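> Sequence:
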Amino acid sequence: MATVTTRPTASVVSDPEILGGMPVVSGTRVPAETILAYIRKGADVEEIVGDYPYLPLGAREAVEFWARETGRL
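For the sequence shown, this note's numbering begins at 1 and goes up steadily by one.
Rather than coming from a laboratory, the hints here were simulated on the basis of the structure. None of these values were measured; they are calculated from a predicted model. A few of these clues could be false.
Claimed, not checked - Computed Cβ-Cβ distance ranges for the label pairs, DEER-style: (1) 71 - 13: 17 to 27 Å; (2) 44 - 16: 13 to 23 Å; (3) 61 - 29: 11 to 21 Å; (4) 16 - 42: 26 to 36 Å; (5) 16 - 46: 32 to 42 Å; (6) 72 - 51: 16 to 26 Å; (7) 73 - 51: 29 to 39 Å; (8) 61 - 14: 10 to 20 Å; (9) 46 - 17: 26 to 36 Å.
C-beta atoms are modelled at their ideal positions from N, C-alpha and C, and glycine is treated no differently.
Using the sequences and the hints, build the whole thing.
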């Protein structure tokens, strides 16, 4: 069976003008590492969105993709 990898709709971005260039979820000031901490503890999307209701659709998946691509997960 073939494996298909797709990119999520949200993304992780780094801009020197936002939190000194720390990677954040696009369109927010939420550090990617903050969401990654939720993922590492096994939090589901509902828990993350409950704490950060303004996150864009696909934010959890974007952070997970970013973490895998950068060797953090």
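> For every hint, state whether the structure bears it out.
Here is what the structure says about each hint:
1. 71 - 13: 17 to 27 Å: holds, 18 Å
2. 44 - 16: 13 to 23 Å: violated, 33 Å
3. 61 - 29: 11 to 21 Å: Distance hint for residue 61, residue 29 holds at roughly 19 Å.
4. 16 - 42: 26 to 36 Å: holds, 33 Å
5. 16 - 46: 32 to 42 Å: About 33 Å separates the Cβ atoms of residue 16 and residue 46, which means 32 to 42 Å holds.
6. 72 - 51: 16 to 26 Å: holds, 20 Å
7. 73 - 51: 29 to 39 Å: violated, 19 Å
8. 61 - 14: 10 to 20 Å: About 18 Å separates the Cβ atoms of residue 61 and residue 14, which means 10 to 20 Å holds.
9. 46 - 17: 26 to 36 Å: holds, 32 Å
Checked against the numbered hints above, the structure violates hints 2 and 7; every other hint is satisfied.
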